[in-house]
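Peer 1: Each chain, letter by letter, is given below.
Protein chains: 2
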Amino acid sequence: MTEAQAKPNGPMPSAQMERKLAKAVERAQQAFMEKNLRFTQLRQDVFAEIAATHASIGAYDILARLAEKGTRLAPISVYRAIDALLEAGVIHRLESKNAFFACRRIEHRTGRRPIFLACENCNGVQEVDSDGIFETIDRLSAAASFQPRVKFVEVSGLCEACRPGKD
Amino acid sequence: MTEAQAKPNGPMPSAQMERKLAKAVERAQQAFMEKNLRFTQLRQDVFAEIAATHASIGAYDILARLAEKGTRLAPISVYRAIDALLEAGVIHRLESKNAFFACRRIEHRTGRRPIFLACENCNGVQEVDSDGIFETIDRLSAAASFQPRVKFVEVSGLCEACRPGKD
DNA sequence: TCGGAAACGTTACTTTATACCACCGGGCCG
DNA sequence: CGGCCCGGTGGTATAAAGTAACGTTTCCGA
Chain H
4 MTEAQAKPNG PMPSAQMERK LAKAVERAQQ AFMEKNLRFT QLRQDVFAEI
54 AATHASIGAY DILARLAEKG TRLAPISVYR AIDALLEAGV IHRLESKNAF
104 FACRRIEHRT GRRPIFLACE NCNGVQEVDS DGIFETIDRL SAAASFQPRV
154 KFVEVSGLCE ACRPGKD
Chain P
4 MTEAQAKPNG PMPSAQMERK LAKAVERAQQ AFMEKNLRFT QLRQDVFAEI
54 AATHASIGAY DILARLAEKG TRLAPISVYR AIDALLEAGV IHRLESKNAF
104 FACRRIEHRT GRRPIFLACE NCNGVQEVDS DGIFETIDRL SAAASFQPRV
154 KFVEVSGLCE ACRPGKD
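Line by line, the protein sequences give chains H and P. For the first sequence, the positions run 4 to 170 when this note's numbering is used. For the second sequence, the positions run 4 to 170 when this note's numbering is used.
Since the hints were derived computationally from the structure, they do not count as laboratory data. Check the hints yourself; a few may be wrong.
If several chains are the same, the list does not tell them apart, and a pair holds so long as it fits within one copy or across any two.
Unchecked claim - Dumping the calculated DMTMM-like pairs for lysine to aspartate or glutamate here, alpha-carbon to alpha-carbon at most 25 Å: (1) 100 x 86; (2) 100 x 90; (3) 38 x 90; (4) 72 x 138; (5) 100 x 123; (6) 23 x 141; (7) 23 x 138; (8) 23 x 90; (9) 100 x 29; (10) 100 x 130; (11) 72 x 29; (12) 23 x 134.
Work out the full structure: start from the sequences and follow the hints.
Peer 2: Have a look at this one:
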């Protein structure tokens with residue numbers, strides 16, 4: 004599965020899309036600056052590709068899309084950019100799919116954590132507020148004398164647009 | 004990382020270990036029978052290898068250990084056995100590590116779902132009751148018009164035995 | 001006992017991810 | 001000013017995880 008993926012949203016004027024993308028890139032740049040990380044050309048290119056998708060996308064899909072645009076890279080280069088983007092918090096990793104998506108919720112970087120709802124059909128990802136789930140996890144961990152470091156809460160299923168009986 | 008992994012528990016008399024393993028295999032067999040699935044030799048071998056670990060283990064590690072014992076298999080064979088074991092509910096998959104571990108809580112097969120606490124040092128996994136987390140996920144999904152199919156909650160960190168300052 | 005489904009074997013391959021080493025460019029220290 | 005360190009990049013190779021396709025065997029029920 005290297006190509007072809009249903010769009011999570013309906014059609015949108017390309018000009019508007021581009022403006023949105025530019026804004027997202029700008030916000031990413033902001034995030035990098037705030038963390039004293041460098042928003043290099045490579046990182047910007049990779050981020051733009053992820054953000055343009057509006058869904059989760061695998062590292063090798065990013066690679067392929069950049070290649071189509073003339074930027075031929077080794078996998079390792081993409082992964083390095085991804086690592087930096089993850090560190091800056093501008094993308095998230097979807098563990099259950101080995102894929103990545105652009106974070107659209109600023110507040111994640113200021114304390115609140117979301118859970119991920121990933122559509123199996125269109126690959127779109129919603130980030131919704133966790134409503135105490137992470138606090139519960141902390142409590143359960145403590146009760147088990149377990150020291151948590153990274154917590155994953157992911158749901159795989161069908162988004163509203165992809166539900167059967169809604170053509 | 005194909006070899007060498009710290010033991011999650013202290014030393015235990017090998018005879019006792021073997022008895023425990025035999026019991027686990029027996030319970031697995033039970034689970035297969037109840038679901039009208041076949042507990043074949045291959046599945047039993049793979050299950051025994053996973054259960055003997057008392058921790059999470061990757062498919063290729065299982066492969067290597069079976070090979071050491073003279074059972075040389077293709078990866079696909081191991082994966083097929085794993086699929087059957089997952090279906091029977093006698094093992095779980097740890098999404099964040101691409102690894103598997105034996106389920107030690109019968110009650111999971113009767114409705115209750117656990118969350119997983121996975122130690123980064125010894126690879127041991129604790130399954131603790133979710134205390135309403137999955138119900139919260141259902142509620143949040145519904146609020147987002149999302150139809151959940153597979154949910155997972157995993158925590159990566161350090162178990163009590165592996166915490167710093169406890170040699 | 002025979003026919004179909006489920007399990008298994010074999011080969012090859014895809015997808016995901018990392019190790020290793022060389023190089024380059026910019027900032028900083030002497 | 002020169003040398004050096006360091007983060008980022010490029011390239012090659014390879015590890016690790018997972019699957020497709022297809023043929024053969026085994027099991028079980030009609």
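Peer 1: Now, for every hint given, state plainly whether the structure supports it.
Peer 2: For each hint, the structure was consulted:
1. In the homo-oligomer, the alpha carbons of residue 100 and residue 86 lie at most 25 Å apart both inside one protomer (17 Å) and across protomers (17 Å), since each shortest distance falls under that limit.
2. For the homomeric pair residue 100 and residue 90, the shortest alpha-carbon distances inside one copy (19 Å) and between copies (19 Å) are both at most 25 Å.
3. Proximity of residue 38 to residue 90 under the C-alpha cut-off of 25 Å is restricted to the intra-copy arrangement: shortest distance 9 Å within a copy versus 45 Å between copies.
4. Proximity of residue 72 and residue 138 under a CA criterion of 25 Å is satisfied in neither setting, with 44 Å inside one chain copy and 45 Å between copies.
5. When the C-alpha separation of residue 100 and residue 123 is checked against a cutoff of 25 Å, the pair qualifies both within a copy, at 10 Å, and between copies, at 20 Å.
6. In this assembly of identical chains, residue 23 and residue 141 lie within 25 Å of each other by CA distance neither inside one copy nor across copies; the values are 36 Å within and 31 Å between.
7. Taking the shortest Cα distances, residue 23 and residue 138 never come within 25 Å of each other, neither inside one copy (34 Å) nor across copies (35 Å).
8. For a Cα distance limit of 25 Å, the shortest separation of residue 23 from residue 90 inside one copy, 23 Å, qualifies, whereas the shortest one across copies, 43 Å, does not.
9. When the C-alpha separation of residue 100 and residue 29 is checked against a cutoff of 25 Å, the pair qualifies neither within a copy, at 27 Å, nor between copies, at 33 Å.
10. In this homomeric assembly, residue 100 and residue 130 come within 25 Å of each other (Cα to Cα) both inside a single copy, at 15 Å, and across copies, at 22 Å.
11. In this assembly of identical chains, residue 72 and residue 29 lie within 25 Å of each other by CA distance solely inside one copy; the values are 21 Å within and 57 Å between copies.
12. In the homo-oligomer, the alpha carbons of residue 23 and residue 134 never lie at most 25 Å apart, since the shortest distance is 28 Å inside one protomer and 40 Å across protomers.
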